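**Student:** Let the sequences and hints guide you as you build the complete structure.
Same order as they appear, the protein sequences are chains Z and E.
According to our numbering, the stretch in the first sequence is residues 1 to 273, in order.
According to our numbering, the stretch in the second sequence is residues 1 to 273, in order.
Don't read these hints as lab results, they were simulated from the structure.
Possibly wrong hints are sitting among the right ones.
A pair holds if it fits inside one copy or across any two, identical chains being indistinguishable in the list.
[Claimed, not checked] Distance condition first, Cα-Cα at most 20 angstroms in a straight line; then the derived SDA-like pairs of lysine to any residue:
#, residue 1, residue 2
1, Lys204, Asp10
2, Lys204, Asp159
3, Lys199, Asp240
4, Lys199, Ala68
5, Lys204, Arg39
6, Lys199, Arg165
7, Lys204, Trp241
8, Lys204, Thr80
9, Lys199, Glu235
10, Lys204, Ser74
11, Lys199, Trp244
12, Lys199, Gln224
13, Lys204, Ser141
14, Lys199, Phe136
15, Lys204, Ser167
16, Lys204, Ala227
17, Lys199, Glu170
18, Lys204, Ala78
19, Lys199, Arg184
Note that the coordinates shown come from a computational prediction; the quantities given were computed from them, not determined experimentally.
Protein chains: 2
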Amino acid sequence: MTYCVAMCLDEGLVCLSDSRTNAGVDHINTFRKMTVFERPGDRVLVLMSAGNLAITQSVINILREHAAVQDRQSLWNAPTLFECARLVGDTIRRVHQRDAEALQQFGVDFNASFILCGQIADEPPRLFNIYAAGNFIEASSDTPYFQIGESKYGKPILDRVVSSRTSLDEAAKCALISMDSTIRSNLSVGLPLDLLIYKRDGLKVSRHVSIDWDNPYFDMIHGQWGASLRRVFAELPDPDWTTWPQEIEPRPRIQEGSGVPLREPAAGDVSAD
Amino acid sequence: MTYCVAMCLDEGLVCLSDSRTNAGVDHINTFRKMTVFERPGDRVLVLMSAGNLAITQSVINILREHAAVQDRQSLWNAPTLFECARLVGDTIRRVHQRDAEALQQFGVDFNASFILCGQIADEPPRLFNIYAAGNFIEASSDTPYFQIGESKYGKPILDRVVSSRTSLDEAAKCALISMDSTIRSNLSVGLPLDLLIYKRDGLKVSRHVSIDWDNPYFDMIHGQWGASLRRVFAELPDPDWTTWPQEIEPRPRIQEGSGVPLREPAAGDVSAD
Chain Z
1 MTYCVAMCLD
11 EGLVCLSDSR
21 TNAGVDHINT
31 FRKMTVFERP
41 GDRVLVLMSA
51 GNLAITQSVI
61 NILREHAAVQ
71 DRQSLWNAPT
81 LFECARLVGD
91 TIRRVHQRDA
101 EALQQFGVDF
111 NASFILCGQI
121 ADEPPRLFNI
131 YAAGNFIEAS
141 SDTPYFQIGE
151 SKYGKPILDR
161 VVSSRTSLDE
171 AAKCALISMD
181 STIRSNLSVG
191 LPLDLLIYKR
201 DGLKVSRHVS
211 IDWDNPYFDM
221 IHGQWGASLR
231 RVFAELPDPD
241 WTTWPQEIEP
251 RPRIQEGSGV
261 PLREPAAGDV
271 SAD
Chain E
1 MTYCVAMCLD
11 EGLVCLSDSR
21 TNAGVDHINT
31 FRKMTVFERP
41 GDRVLVLMSA
51 GNLAITQSVI
61 NILREHAAVQ
71 DRQSLWNAPT
81 LFECARLVGD
91 TIRRVHQRDA
101 EALQQFGVDF
111 NASFILCGQI
121 ADEPPRLFNI
131 YAAGNFIEAS
141 SDTPYFQIGE
151 SKYGKPILDR
161 VVSSRTSLDE
171 AAKCALISMD
181 STIRSNLSVG
191 LPLDLLIYKR
201 DGLKVSRHVS
211 IDWDNPYFDM
221 IHGQWGASLR
231 RVFAELPDPD
241 WTTWPQEIEP
251 RPRIQEGSGV
261 PLREPAAGDV
271 SAD
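**Tutor:** Given below as structure tokens:
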């Protein structure tokens with residue numbers, strides 16, 4: 001699996017991806033999931049991928065090959081991010097046309113998803129989530145982030161912290177915490193990480209760093225966040241059972257007996273010890 | 001979906017389940033997922049279920065019908081929790097034998113999982129996770145909890161807090177936080193909740209409460225935990241980019257060009273803005 005997250009904020013874009021791929025737990029490799037197309041002053045495009053590695057590599061290779069041919073329609077000359085997302089979607093469909101049937105014969109799903117974000121010229125920064133079918137959705141100020149891959153472990157902290165007004169540095173911190181929670185709970189996500197920060201209207205990559213275990217900031221996040229969670233957990237009061245409402249009708253539990261009608265548990269039950 | 005969690009701790013057992021079922025977002029119902037078999041002084045068994053509701057209800061109904069017949073092998077006379085888990089597994093297999101083919105004709109997977117925990121007579125409290133195939137695993141002091149259903153959102157806090165030495169009240173608090181994170185991130189998990197606490201060697205249910213939005217403790221968890229997370233998030237320092245190692249070799253990004261060989265992004269890149 002993989003975990004990638006991207007946020008489209010008032011100040012710009014933050015993207016974070018891991019680099020673990022696995023085909024079974026004994027076949028783990030490191031492949032970067034983030035590809036950056038940059039022409040300073042004109043456009044920055046960040047493409048992140050999750051799913052079957054052979055499929056996602058095919059898509060990225062075709063996009064690159066087209067991008068290397070001058071005058072061919074490509075990520076370099078598409079006039080808008082929307083057109084770029086359509087190009088990526090069309091490329092996924094090409095790979096599907098070529099490979100899906102053969103994969104199906106081996107019982108392998110056509111499993112791939114992409115995040116595309118960036119800014120082109122006068123457009124605002126935009127963020128798209130592109131599905132295996134080649135269709136896609138765009139983020140908005142109400143839903144300013146997308147995740148692909150092993151997304152559930154790291155979603156609660158994003159839901160609680162991120163809004164379109166979040167600063168780029170805070171968003172980077174939140175993305176790293178989300179990644180740390182995912183890595184902790186799921187073996188198939190792992191370091192090194194690729195972190196990219198793009199400041200709105202800069203039309204060049206602001207910061208693009210590789211993060212491994214020797215990175216002191218991620219190490220601090222890894223150690224401190226868990227400790228902070230345990231601290232606020234300890235600060236929250238334990239339930240004080242004496243204050244729990246006692247008027248709730250006790251729920252019957254199943255008692256032994258032959259021929260005795262067995263009643264479904266009904267709503268509402270407090271039985272004190 | 002559903003979310004259920006059970007913990008087997010030195011002090012006893014804590015079980016928490018939600019009550020939402022859904023077949024599509026426009027077909028949401030409330031069904032309890034926790035069934036308790038209790039014969040004070042002899043045994044307490046807690047069975048929680050996730051998956052296809054028709055399957056899990058069939059399993060529970062058969063277990064109840066057998067339990068209602070005296071002298072029949074059932075959850076009331078099985079001598080150990082292990083035998084009880086085998087009974088549940090055998091019952092799942094019976095339902096599979098009867099229903100799986102018909103379900104398959106409608107493209108419906110045979111999807112069901114169960115948590116069984118409790119204590120019988122002189123045995124210590126035990127906790128089992130029973131799969132759709134009828135096989136099962138048992139918790140240990142290294143892995144003292146199991147989850148079924150929509151388990152990923154609520155796993156990070158369990159991973160960080162719960163060990164077999166956690167007290168029952170702390171474990172109940174942690175289970176409720178885990179549930180709150182899940183409810184917040186996933187529509188298919190919802191109140192009311194069933195919370196059951198069992199004190200080791202009590203051989204009767206210590207506490208069995210139904211929790212709805214009018215429960216002040218859960219309301220406190222719901223409000224305070226999010227606020228606490230945001231507070232410790234704000235306390236963690238943002239990345240101070242000036243301290244990030246600069247010696248890492250810059251990673252080439254893809255530049256426009258025809259015929260220019262396109263290089264894979266290599267490990268390690270810092271480009272400052």
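**Student:** Now tell me, hint by hint, if it's right for this structure.
**Tutor:** Tested hints:
| no. | hint | in the structure |
| --- | --- | --- |
| 1 | Lys204 to Asp10 | within (17 angstroms within a copy, 56 angstroms between copies) |
| 2 | Lys204 to Asp159 | neither (29 angstroms within a copy, 39 angstroms between copies) |
| 3 | Lys199 to Asp240 | between (49 angstroms within a copy, 16 angstroms between copies) |
| 4 | Lys199 to Ala68 | neither (26 angstroms within a copy, 68 angstroms between copies) |
| 5 | Lys204 to Arg39 | within (7 angstroms within a copy, 70 angstroms between copies) |
| 6 | Lys199 to Arg165 | within (13 angstroms within a copy, 47 angstroms between copies) |
| 7 | Lys204 to Trp241 | between (58 angstroms within a copy, 17 angstroms between copies) |
| 8 | Lys204 to Thr80 | within (16 angstroms within a copy, 66 angstroms between copies) |
| 9 | Lys199 to Glu235 | neither (38 angstroms within a copy, 24 angstroms between copies) |
| 10 | Lys204 to Ser74 | within (19 angstroms within a copy, 69 angstroms between copies) |
| 11 | Lys199 to Trp244 | between (51 angstroms within a copy, 18 angstroms between copies) |
| 12 | Lys199 to Gln224 | neither (27 angstroms within a copy, 33 angstroms between copies) |
| 13 | Lys204 to Ser141 | neither (23 angstroms within a copy, 52 angstroms between copies) |
| 14 | Lys199 to Phe136 | neither (24 angstroms within a copy, 51 angstroms between copies) |
| 15 | Lys204 to Ser167 | within (18 angstroms within a copy, 53 angstroms between copies) |
| 16 | Lys204 to Ala227 | neither (37 angstroms within a copy, 36 angstroms between copies) |
| 17 | Lys199 to Glu170 | within (13 angstroms within a copy, 43 angstroms between copies) |
| 18 | Lys204 to Ala78 | within (17 angstroms within a copy, 69 angstroms between copies) |
| 19 | Lys199 to Arg184 | neither (30 angstroms within a copy, 30 angstroms between copies) |
Going down the numbered hints, you'll see the structure goes against 2, 4, 9, 12, 13, 14, 16 and 19, while the others check out.
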